[in-house]
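Okay, here's what each chain looks like letter by letter:
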Amino acid sequence: MATALSRRTVLAAGAAALPLFHVRTAAAAPREIKFWHAMSGVNGERLEEMTRQFNASQTEYSVTPIFKGTYDELINATVAAYRTRTQPQLVQIYERGFMTMLLSGAVVPVQELVAAHGHNINWADFIKPIAGYYTHKGKLAAMPFNSSTPILFYNKAHFAKAGFDKPAETWAALDEQLRKVKDAGGPGSIMAGDYHWSWFENYSAINDYQYATKNNGFEGLDTEFTYNRTPVVQQVGRMKRWLDDGLLQISGAGVSPTAVFTSGRSATFIASTASHSAVMAAGGLEWGAVPLPYEEGRTPRNSVIGGAVLWALRGHGQAENAGTAAFLAFSAKPETQVWWHKATGYVPATNAAYELAKREGWYKQAPTQEIAIQQLMRGEPTANSLGYRFGNFTQTMLAQREEAERSFAGQKTPQQAMDDAVSRGNEILRRFERLNAGRY
Amino acid sequence: MSETAIPTLPPPRRALWPAFLRKGKAKRRSVQGIKASGFEGQLLPLLLLTPQLLILLLFFFIPAVRGLAQAFLLQDPFGQEVHFVGLENIMALLRSAEYHESLRLSVLFTIATTVLTFSVALVLAFATDRVTRGRTTYRAVLLIPYAIAPAVAGFVWAFLFNPLVGPAATFLHSLGIAWDPNRNGDDAMLLVILTASWKHLCYNYIFLVAALAAVPRSVIEAAAVDGAGPLRRFAWITFPMIAPTVFFLIIMNTVYGLFETFAIIDATTQGGPAAATSILVYKVYVDGFINLDLGSSAAQSVLLMIFAVCLTVIQFRLIERRISYEVSQ
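Chains as they are written, first to last, in the numbering used here: chain A, 3 to 442; chain B, 7 to 335.
Hint data in this document are derived by calculation from the structure and do not stem from the laboratory. Ideal Cβ placement from N, Cα and C applies to all residues, glycine included. Among the hints, a few may not be true.
With beta-carbon atoms standing in for the labels, derived distance ranges [to be verified]:
1) B/Ile312 <-> A/Asp185: 42 to 48 Å
2) A/Arg316 <-> B/Leu317: 44 to 50 Å
3) B/Pro173 <-> A/Ala283: 36 to 42 Å
4) A/Gln418 <-> B/Leu317: 57 to 63 Å
5) B/Leu317 <-> A/Ala174: 52 to 58 Å
6) A/Ala284 <-> B/Ile117: 55 to 61 Å
7) A/Gln418 <-> B/Arg136: 38 to 44 Å
8) A/Ala174 <-> B/Ala70: 54 to 60 Å
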């Protein structure tokens with residue numbers, strides 16, 4: 003080993019004709035792979051721990067995690083870096099940025115990259131709603147990293163006081179329960195900050211309602227929203243009624259919805275399974291969790307994911323790409339996945355990892371952590387439940403929220419609000435289509 | 007005729023070198039008051055201005071020109087596809103109901119914060135003279151908000167008035183007021199107006215206290231001897247004498263309301279609910295940095311800039327003419 007190293011050093015020194023001490027560090031120091039991410043707090047620490055595990059597992063590469071702020075700030079930083087050719091090798095981009103990244107011309111599909119560098123990943127083993135969300139032309143474009151899905155957390159004490167041990171399975175029955183919880187002196191439920199994701203998008207997937215034409219955008223950029231002709235309209239009406247009757251509360255700026263739930267001031271909390279870490283950390287809270295409700299008479303389907311994926315950016319040398327591929331392969335290993343799942347509450351991305359977590363008895367220890375993955379794996383995904391593929395998805399979502407909030411405030415009927423949301427959304431989709439014609 | 011024969015005429019061009027570098031004596035100019043410039047030559051002021059001009063060039067003019075160019079383009083964030091679309095971005099905004107609403111909210115917000123900030127600050131500044139005990143404490147308390155970061159101020163106000171947990175909201179509820187800025191857009195607007203005014207109050211206060219202090223006592227006392235009551239003295243003597251400061255504050259408050267309240271909005275309401283507090287400067291940010299719609303965001307900045315310039319010009323035209331700057335001489 004020592005002779006091999008010294009020979010390489012001598013060769014490199016001869017080739018580069020650089021002072022010897024420079025070459026020494028070059029040969030000894032592992033090649034740096036920059037990894038920009040958006041995870042703060044505990045999950046940020048876990049992410050750093052994961053990179054340390056990778057760095058310790060081999061000597062050729064060293065992944066440096068760099069926190070760049072929120073998801074929105076990170077995608078902006080990525081754009082700016084790419085335009086000035088200072089981009090990192092890896093970036094973590096939220097699911098709504100998928101189309102922007104996919105068609106950006108700035109990325110290498112991870113499946114190609116990983117395969118080109120000789121790593122074996124069983125691509126068929128990824129859990130369907132996760133792989134489906136990020137697969138384009140038969141290949142994973144980005145590596146699933148932190149995937150989550152919403153579930154329903156509830157406060158056991160408030161439910162018990164009204165005579166229930168857990169929330170009902172359908173929306174109609176849950177409505178009655180929440181009214182009784184309220185009558186028994188309990189609080190309303192708290193609305194998560196990303197309510198559009200659970201109440202509209204996941205609601206449509208689980209109940210198998212069409213959200214947009216062209217298989218929710220999977221079949222073409224000329225997709226058009228259709229959720230103003232589905233029970234999403236009634237869902238907006240339900241939210242308005244619940245808000246009026248005090249069954250639902252908005253936390254607003256200055257207060258985190260999670261904190262409202264963990265402090266016992268909320269009957270239920272429909273939120274990402276990644277909220278587990280905060281909920282479990284709350285002392286003295288009797289809580290439980292169940293899958294999301296569905297409409298009576300429907301067969302509940304799989305929910306859709308949220309979270310973020312890792313993108314490999316273009317513009318790096320072969321050797322650096324090899325390091326990026328090695329880290330991506332490391333992140334997909336069942337052992338890494340299970341560790342990440344346990345440490346953060348995000349779901350494991352592969353069946354193998356899920357099986358491993360089961361064998362290790364993790365779900366006996368933390369049964370509610372299995373809800374999300376069971377919900378994701380429920381039945382065969384339909385065209386309505388595989389996911390959403392819209393350009394400018396953040397913008398269409400914000401327009402939708404704005405219109406829904408107009409309805410909550412009583413300025414528009416739910417139907418009018420969703421009609422306007424759809425027409426604004428479609429305009430935004432057309433803008434994206436125009437810029438990206440022929441590229442999808 | 008020799009030059010010395012007409013000493014009263016000012017030189018036709020201003021000299022290049024400042025007086026102390028030139029031979030001969032500097033000529034005294036007739037302009038006095040705030041507008042009078044103390045420089046004789048052109049080179050020294052130019053040199054003194056250079057660093058600031060360079061900073062402006064780098065951080066204002068170059069970005070502004072690039073922003074202006076973006077307003078006429080449709081492009082994806084990564085810049086691989088760029089279409090020239092002419093006035094399309096701007097026309098789309100002028101047609102958009104959301105943009106009209108945002109403009110209306112901005113005007114409302116700016117006028118409300120300007121009036122509220124200025125009038126409260128004027129009362130407080132006027133009262134400063136009458137406070138005899140604890141004047142330092144009085145001033146210090148009023149200056150505190152200025153030292154607080156806008157984002158923190160926004161967060162604190164959002165918390166105080168949060169309908170679920172905020173003490174101020176609980177108080178309003180106990181009075182029977184259905185206060186809910188999370189759902190009711192008017193409540194949210196009121197909240198950001200209050201926050202922004204509170205934050206900017208002391209800026210106005212400092213200038214007004216200084217201006218009031220500069221009003222000669224003798225004039226006011228003379229008026230008092232002539233039998234003018236406090237209100238009359240204020241309206242006919244004090245206010246005209248502090249008019250330059252008042253004018254300056256109106257301009258600064260307008261600029262503040264239009265441009266510098268982003269952080270407060272972001273921390274207090276994030277433009278919501280239902281875009282009820284999404285004033286122009288916040289919308290520029292959301293469309294540019296959240297929605298990555300660079301063309302529209304740039305077009306909005308251009309319109310906002312035109313809007314602010316027009317407003318300032320109008321203010322100068324309408325108000326400045328009535329102001330005399332010959333106060334402190």
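Going through the hints against the structure:
1. A hinted range of 42 to 48 Å for the beta carbons of B/Ile312 and A/Asp185 is inconsistent with their spacing of about 57 Å.
2. For the hinted restraint 44 to 50 Å between A/Arg316 and B/Leu317, the CB-CB distance of approximately 46 Å keeps it satisfied.
3. In this structure the hint that B/Pro173 and A/Ala283 lie 36 to 42 Å apart at CB is violated, the actual value being about 26 Å.
4. About 35 Å separates the C-beta atoms of A/Gln418 and B/Leu317, a value inconsistent with the hinted range of 57 to 63 Å.
5. Here the CB-CB span from B/Leu317 to A/Ala174 is close to 54 Å, well matched to the stated 52 to 58 Å.
6. A beta carbon spacing of about 45 Å between A/Ala284 and B/Ile117 contradicts the range 55 to 61 Å that was offered as a hint.
7. A hinted range of 38 to 44 Å for the beta carbons of A/Gln418 and B/Arg136 is inconsistent with their spacing of about 56 Å.
8. Taken as a hint, the range 54 to 60 Å holds for the pair A/Ala174 and B/Ala70, whose Cβ atoms sit roughly 56 Å apart.
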